[in-house]
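Using the hints, build the complex out of the two chains.
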Amino acid sequence: MINSPFVRKAASVQSVMLQVLLALVPGIAAYVWFFGAGILVQIAIASAAALAGEAAMLAIRGKPKAIFLTDLSAVVTAWLIALTFPPIAPWWLTVTGTLLAVVVVKQLYGGLGQNPFNPAMAAFCLMIVAYPALMSQWPAAGQLDFKTQLDLIFGGLRQVDAITGATPLDALRTALRAAANPDSQVHGLRAAQLMDGPAFGFLGGKGSEWIALGYLVGGLWLIQRKIITWHIPFAFCAALLVTAGLLWGVRPDAFASPVFHLASGGAMLGAFFILTDPVSGATTPRGKLLFAAGAAILTYVIRTFGAYPDGIAFATLLMNILVPIIDMKTQAPVFGHKKD
Amino acid sequence: MLRKLFKFHGGVKPQTNKERSTTAPIAAVPLPDRLVIPLHQAVGGHPRPLVQPGDRVFKGQRIGGADGNLSSAVHASTSGLVRDVAPAVMPHTSGLTTLSVIIEPDGEDRWGELDKVNYRSTPPDELRDFLRDAGVVGLGGAVFPSYLKLKPGKEGKLKTLVINGAECEPFITCDDMLMRERAGDMLKGILAMRHMLQAEEVLIGIEDNKPQAVAAVQAAIAASGQSGIEAVAIPTRYPAGGAKQLIRVLTGIEVPHGRRSTDFGVQCFNVGTAFSIYEALELGRPLISRLVTVAGNVDAPRNYDVLIGTPMDHLVRLAGPRADTDRYIMGGPMMGVRLPAFDVPVVKATNCILVGSEAMFPAPAPEMPCIRCGECAKACPADLAPFELYWFSRSKNFGKAQEYHLFDCIECGCCSFVCPSHIPLVDYYRFSKSEIWAREREKEAADAARDRFEFKNHRQEREKLEKAEKLAAKAAATREKVAADGATAPAAGSDAAPAAKPAPDAAKRALIEAAMEKARQQKAQAAPRNTEQLSPDVQAEIADIEARREIVAKPAASPLPPQDA
Ligand code: SF4
Ligand code: SF4
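If you read the protein sequences in the order shown, they are chains A and B.
Using UniProt numbering, you'd call the opening residue of the first sequence number 1 and step up by one each time.
Using UniProt numbering, you'd call the opening residue of the second sequence number 1 and step up by one each time.
In isolation and in its complexed conformation, chain B is listed as follows (with noise of 0.2 Å):
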């Protein structure tokens, strides 16, 4: 069937080096000695450690707590002994450490208790609860909460649900793996988003360079007997599959930046994600574990079905790592992020280790001046004036760059790509971002801090004119008592002027009080935009990003992505 689709603007063609990597099945990989397991893995809040070093684990037992509203749990990937509750190195190019889990495996992996849910006969609410508490998050390298994504919009039903299977950044071939292998359990996944979200249309997008998934969904959707729900080949053309750019693709349907797609009846799924929601749900199963695939400077490229928690040196180990390897890239080519360490945990946000060289990776060229070429400008999907943000980002001139609407940039790579000066505009974007929002970060605490010198100067005051007023009250009944005993008027009305103040002083507090509170107000309006009231998926997005790029601000900053996103 043909169905009618949308272009993006932009978009590049890397070389997809995507085919080593899928002649051989899924594999299995041998328990490694030691499993560490971040307990902040997903966008939003730290959860709270729930084991103790000395605890033994059951598969599957939650070992960390949600915490808040925008939080997911994490669980023991495997049974065995809870060695020790310590900060470890977390798979990040800052190299900072992460209050961790660190696991020795039993060998027995045995799962403890394991509760499923009907989906159909429980009410939402609890079916979010249930997938918030299951750990399932986004697996498609966002890593945000997935059951904060399962509501539908205002309207309480959803006019289509996309799942991206498009899977367009080079070398990463674990979603193709999937839809090839688990099509089926894959789709039990949709059909329970697509109950949740009351959704009248679900549309799987995939790049037309997977053909073999295309088929195996297309077999599954058939042999379910669903009606409603299609397997479309999209182009292939980096970025197809960031969630706005499928979006356009499927629907035509623009989301712009700060805006929850449900408000246009969109919400979109990685196909990972859907299979996990089935495990979850059908099996009881948390996320424990996901496909991973490890291709680059390796013999044998393959995917495999990795626990979170394992060391990517002993799963890196089962390809066959090349002599020259001196590095490990998390996600592939374009958006990936170089780590500090080899042994550094498989995360649920791990879809690729790219094993690399300095041979199959060279650092680009000397870096030359923009020549205005224009063509990053051809090649950004979010149609934005690339050269324009990097001569702001590059003389800080941030409130310029945010004109030129640097926030609507994806980080996605295509303009640093394409530039034939070889200019890393991303990283001048990285760094801009970073800078602006600890600048309104900065900006925030100072204003708390002036509201609290605010408030304190007003309490003083009123002390004061409390004071005053019972003073006054004193005197006046001095007086009262000075005029009962008989004694001369003129001490009298001496006192007079102090006792009559109390009144105009109320009303000028009155007035003091509301002029402060209008100030507040105004304050708060004038405040730029960015990091207040945004929609989940955005201040997920901020704080994805910004997780991904301590190295460009202050490395020793924080020592975890900021809480407040």
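Pulled out of the complex, with its shape left as it was, chain A reads as follows (with noise of 0.2 Å):
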């Protein structure tokens, strides 16, 4: 027999994911205007294998398929991989990153709202070690059209450095440590100097500002609509801008600007789409401020200190293993047990 309530709002995980997704339309529109359509066939290839992964697990797992596959969380998950994937990733590393991260990241966790880690950073992790090399050919905007692109996805042999060259926030550090090296040529040139190249756009990489910004109008209407709060995107942003104008206010010359660091990469994506996965992030309104904060500030040391082209994904995993503390520590006071 059904107890009260009787009645319930209209809601439905599917709903949220679906909103989520929505949200990331405006991101991928940028991203296919700047950098071709190459992208779009990333998504669609993770996507299938989400959804492959996912169907057989629920099916060995014994679990109802129907409710879960339409659920779309594993979209959510691929769409992520795809867009935190180099463009031109070969079709094998999608599919395996996107089938580490459902099977063995969410499923053998327990599936839907189990996982502790983020399902999509932790496969970016796993592949960025297994294929240091081919996770970080990012083609600057504009310099591939969609037949190499295609080629390059599904072809064979690749003459990657060749036709691509590292993320703006490789680019910029290894420029920044040649700098610092007094047999450079570039000795001495400062940051704003560096991003002179055609790499830069006016405030992150070129192209990349804009896709970033995609992911701002998006995140803010999730926000709007309620799916996500502005705790998480606001203590990320905050802290990264304090983080990164801390070292750059004392040393310009040594350090990129913090708009840079706010533009670049996946920081918005992160704000918005990756830290605010609920299952793998804090949930209590301080520990996600506490939660975002840490991110940033990791995110900021290993894009700066760290060999790898960005943080995120090591930022996420690591506050992931902090979110039972950070959720324990910071439950808000109950009704009559405020002090106010």
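It is possible that part of the hints are untrue.
So, partial list: chain A residues that the calculated Cβ filter (under 8 Å) puts toward chain B [unchecked claim]:
1. N3
2. S4
3. V7
4. R8
5. V16
6. G111
7. L112
8. G113
9. P116
10. V279
11. Q331
12. A332
13. P333
14. F335
15. G336
16. K338
Since the hints were made in silico from the structure, they are not lab data.
Yeah, the Cβ is synthetic: ideal placement off N, Cα and C, and Gly gets one too.
Okay, here's the thing in structure tokens:
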């Protein structure tokens, strides 16, 4: 028998996930505009792999397929993978990453709602450790036409070094390190001068700053729709700005500007779509602030002092580990026990 | 006049569905063929039957006497013949029976003698006894005996008397109609309560979706010429009518779980209760009828003035139930209970009969895993983390659940209402609470048994010692006698040991007793305080919640809500 309440709001996991997907569309549109339609192929590959992996695991685990396949959570994971992997990653890299995310990180931990780690970010970390070269090839905006992209995704030989460089984040870091070296040609140049190159736009990477703007728009819409709260994006952006601002303020020649950090790489995607994954993230308001601020600082550290093109993925996983304790320590006082 | 209002956290805005039942005035109900009046209708002890089959009763005659100091009387709702005093199915999900007086009306509807009281000249204690015997209980749904709440706090007076006309549950409009049509008399009841509580100010909280009620109450206040009474329109948001939430909205005070609101200078009563206090004191009429909203799957939703004990189907028939009706819910859609039958009686707790069908209240979509989205936490008016409680309840980690304030949950249903995974969260909490109470009761029983056992051991020990003492005394006497008789000394020497024993034994016994007493005290201190040493309000809350819940616990466990609460 059914007990009260007898009425419920029209809400479902599916509609939540659908809105997340919709919110990604502006960013994807910008991606296609500047970098070509290859990303759409990647999204399709990842989505198909995610659904196939999910279906197989649901069958093995004896779970109802209809409701769990249509909840769209696997599709969200797939899109995030496609958007964080290089757009010219070979198809098998995308498929392997997606299957790892869905099968191992999500389903083997118990399926929807049970995974302690963000599946997309776990997949990113695993793949960058396993295939560092392939995961670090990023074409510049407008550099490759659609046919070349397709060849690279599905094709055989990759003369990637000839056609692709590193991400703007990577490029700037390398350049800054070179500039610090007295033997280098670029010695003494400042970050602003280094960013004069063709890979850079007016804020971050050329073209990618517009993608970031697209994510920002979609993310704000999610806040307005009350799918996510303001805490994580706000704390992430604020902490990243402050951390980057401090170092940049002291030595503007040696460190990238805070705005560059915000507009580059996966910062906006991370702030609004990755760290806000409710399953693996912190849940209390104060916990969300801590969680996101921690992720921002780690991101900055990994970007600036590490060897990987971006720090979001590792930062997310590290903070995922801390979620249980963050949640436990940040429970808000309940009714009648507040000090106000 | 603009008053500063406060907010409570969370809450939801379900469709109110209140318009249709407020188009027609309150209607009377023709006498049914029989009335089934359960003796146990209010929180607390089980009233004793005062009539026998075959007795003739007047309208308003007491048929159940209050038992103990947490109980309230029950009366015949009309004149007639007592057919039976027997168990009958009560309006509760469990389908359990309770001892009820079955009356066949004689059609004359004749009152017995009515005693009125002048509350201004009667000592408060007498007034409280009077209200207890008039069977006045909270009509907002909690059915807590009102006389117990009509005591001012330690200071002998109250800052604020809050009157609850918020009526936040969808569909229910009986308080709305009461305020529209009977505001003047209701106000007289409020003035009596204000007198008893020595309350400085009175705030009548009404959700702002009832402008006519607000206007009617304001007009009544103006007509009475009283000062310090205000009808306050508050934002419509469920559960603004929860006592704690309403107190918070009107005064900013949060009364924590387990504390008496009078300790904070406030007390809260429902508008219907105020009206029945007026009837009891000024007309001498005990609580034998109440307003009931019939709404939902009926052609003409409406409010009725209904005699307690009227079979629900008799009443619902007047509103024209639709053909696909398959259930009655007592209360609203957020906190109501689904009833086991159509002919269960209207009781003091029946504020609404929500007539339902599968089409109207479809079963929720299949339950999905929790995605920790936090929607439930955003909606919880008790500021809890419902999904954490859900995890702990699911894993039967009751200790953790209590640490996360399971018992602060008011079972308002907001969390279940918003959950995108359609998890019946409140059911999990009901389950956990019942389990914890059951375990504590078991533990208490076990403790009592152990105490009994220890006491028995102790007694046996003592008896043994006493016997030994007697023997020793006897031996000593014998010895003396022997000595006196001039017998040989060695025999006396061998008997000396037991004779010396009694003194150290007594000391040891005292020690044992002290240790046991200490252990008992420690045990009492260590016992979790969920069922012990609670204020009557909280005990009442527990009893009330349990009464609504048997279904998730063991349906056949107890025929009545627990008496120890
Ligand atoms: S609303 Fe439901 S799914 Fe969301 S956190 Fe609460 S219990 Fe979990
Ligand atoms: S039922 Fe309990 S946990 Fe759920 S919203 Fe209401 S008070 Fe909070």
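Outcome of the hint check:
1. N3: This hint holds: A/N3 lies near chain B, its Cβ roughly 5 Å from the closest one there, short of 8 Å.
2. S4: This interface hint holds because 5 Å falls under the 8 Å limit.
3. V7: Since the shortest Cβ distance to chain B is 4 Å, the answer is holds.
4. R8: holds (5 Å)
5. V16: Holds, about 5 Å.
6. G111: holds (7 Å)
7. L112: holds (5 Å)
8. G113: Result: holds, 4 Å to nearest chain B Cβ.
9. P116: Where the cut-off is 8 Å and the nearest Cβ of chain B is about 11 Å from A/P116, the hint is violated.
10. V279: holds (5 Å)
11. Q331: holds (6 Å)
12. A332: Cβ of A/A332 sits 6 Å from chain B, so the hint holds.
13. P333: Since chain B brings a Cβ to about 7 Å from A/P333, closer than 8 Å, the hint holds.
14. F335: For A/F335, the interface hint holds, since the closest Cβ of chain B sits about 4 Å away, which is under 8 Å.
15. G336: It holds, given that the least Cβ distance between A/G336 and chain B is near 3 Å, below 8 Å.
16. K338: holds (7 Å)
Of the numbered hints listed earlier, the single one contradicted by the structure is hint 9.
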